[in-house]
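Counting from 0, one number per residue, gives the positions in the sequence shown under numbering that gives the first Met the number 0.
Check the hints yourself; a few may be wrong.
What the hints assert, rightly or not - The calculated DSSO-like cross-link candidates involving lysine-lysine, where the alpha carbons are at most 27 Å apart (straight line), are: (1) K34 x K108; (2) K84 x K72; (3) K84 x K108.
Said to hold, decoys possible - For each label pair, taking beta carbons as the anchor points, the in silico distance ranges come out as: (4) E133 x E9: 43 to 53 Å; (5) T137 x L16: 46 to 56 Å; (6) E152 x E3: 19 to 29 Å; (7) T137 x E31: 31 to 41 Å; (8) T137 x V8: 46 to 56 Å; (9) Q10 x Q146: 43 to 53 Å; (10) D46 x D103: 20 to 30 Å.
By construction, these hints were calculated from the structure, which means they are not laboratory data. By construction, the Cβ of each residue, glycine as well, lies at the ideal position given by its N, Cα and C atoms.
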Amino acid sequence: MLNEYQKHVEQRAQEGLPPLALDAEQVSSVVELLKQSTNENTEKLLDLLIHRVPPGVDQAAYVKAGFLADIAKGDVSCSSIDSVKATELLGTMRGGYNIQPLIDLLDDKTTAATAEAALSHTLLVYDAYHDVVEKSATNDYAKRVVQSWADAEWFT
0 MLNEYQKHVE
10 QRAQEGLPPL
20 ALDAEQVSSV
30 VELLKQSTNE
40 NTEKLLDLLI
50 HRVPPGVDQA
60 AYVKAGFLAD
70 IAKGDVSCSS
80 IDSVKATELL
90 GTMRGGYNIQ
100 PLIDLLDDKT
110 TAATAEAALS
120 HTLLVYDAYH
130 DVVEKSATND
140 YAKRVVQSWA
150 DAEWFT
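Sequences and hints are given; from them, build the entire structure.
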């Protein structure tokens, strides 16, 4: 996968173009390689996962969000990404498939503060807004997210 991607990067560079974002199949390959704790290309793979997957709601973002959510919840192990880092990376996806996992992570002591920070600066939550408001009745992290939105802290 990495060799094919490098060829793609070189071909696009010859044309004066940046490389295309990863598609869902490529992201799946990156995920599988990252799960292997002995992979010597970990830094390159992390860079691809972090910087070459489009945010939002395409299939590549779906794969990325699912992988990061599984790490954050402890369902998948990855030696190069812990639950807090996975939550932080979910927060960089701007909206879409990352929102529900971030809301769920408000209930986990390990990830709640990171999920709060991420959601506080995320605007594209759509109907999930109501989930955060409902959760705020019993969850201080969710309460602070709602207050952050009310205070328009995403501008800062």
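*If any of the earlier hints don't hold here, list their numbers in rising order.*
6
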